[in-house]
Amino acid sequence: GAVVSQHPSRVICKSGTSVKIECRSLDFQATTMFWYRQFPKQSLMLMATSNEGSKATYEQGVEKDKFLINHASLTLSTLTVTSAHPEDSSFYICSARDMANQFSNEKLFFGSGTQLSVL
Amino acid sequence: TQLLEQSPQFLSIQEGENLTVYCNSSSVFSSLQWYRQEPGEGPVLLVTVVTGGEVKKLKRLTFQFGDARKDSSLHITAAQPGDTGLYLCALQGRGANSKLTFGKGITLSVRP
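Those protein sequence lines, which keep their order, are chains V and Y.
Going left to right, the first sequence walks through residues 1 to 119 as the numbering used here numbers them.
Going left to right, the second sequence walks through residues 1 to 112 as the numbering used here numbers them.
FYI, nobody ran anything at the bench for these hints, they're computed from the structure.
All of these numbers come straight from a predicted model, not from anything done at the bench.
Just so it is clear, CB atoms sit at the ideal spot from N, CA and C, and this is done for glycine as well.
A few of these clues could be false.
[Claimed, not checked] Chain V is faced by these chain Y residues, among others (derived, beta-carbon under 8 Å):
| id | residue |
| --- | --- |
| 1 | Glu38 |
| 2 | Gly40 |
| 3 | Gly82 |
| 4 | Thr101 |
| 5 | Gly103 |
| 6 | Gly105 |
| 7 | Thr107 |
[What the hints assert, rightly or not] In silico negatives: residues of chain V with every beta carbon more than 10 Å from chain Y:
| id | residue |
| --- | --- |
| 8 | Asp27 |
| 9 | Lys41 |
| 10 | Ser43 |
| 11 | Thr49 |
| 12 | His85 |
| 13 | Gly113 |
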């Protein structure tokens, strides 16, 4: 079945540094990928929709300059947390839609997530 | 924005017990998805329900979509410790770039 690979799975960084998270669709092409953030024992909150070859669409309250999204190819989207602070510590998850089945509700696959800890 | 309410928020039961959890909205769903998520992992799709009154079974899990398509339930028979996790219902928007909106989730703990 379709697989979405997310890397790294865990990252610890100092406050003020930037962290890049990669999301790859391994055996399908994805014009659209989604980035979510999840705090402990809470649900997934959509941060932004990443569109290949165009600007990402951010949800209300999500800072564009803080969370940079690049979707340069049909199989890769990256999320960069710039000048990270302890309050950015969270579980970040990406998902990708299989282009070949873009109107099927079944064809949305999730990465395994990245746990970011900012000291 | 269509909101999803899930209940109960937390549930701790003994192995072998049955349970039912719920996902509700004041608006009509076109379709609804249920996911299960384990700590440190991404959510995994369990089922999609589309038709009002629809019932789908996945081993010991039974999913029901309300006749009016405003609510859904998940019933687990003879729960096992492996059922422990966060159960999320989600709405899919329309169109090719439609986003998925999740409910707050139900944290289930099954004690051996």
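Structure-based check of each hint:
no., hint, in the structure
1, Glu38, "10 Å, violated"
2, Gly40, "7 Å, holds"
3, Gly82, "18 Å, violated"
4, Thr101, "7 Å, holds"
5, Gly103, "6 Å, holds"
6, Gly105, "4 Å, holds"
7, Thr107, "6 Å, holds"
8, Asp27, "17 Å, holds"
9, Lys41, "6 Å, violated"
10, Ser43, "4 Å, violated"
11, Thr49, "6 Å, violated"
12, His85, "22 Å, holds"
13, Gly113, "5 Å, violated"
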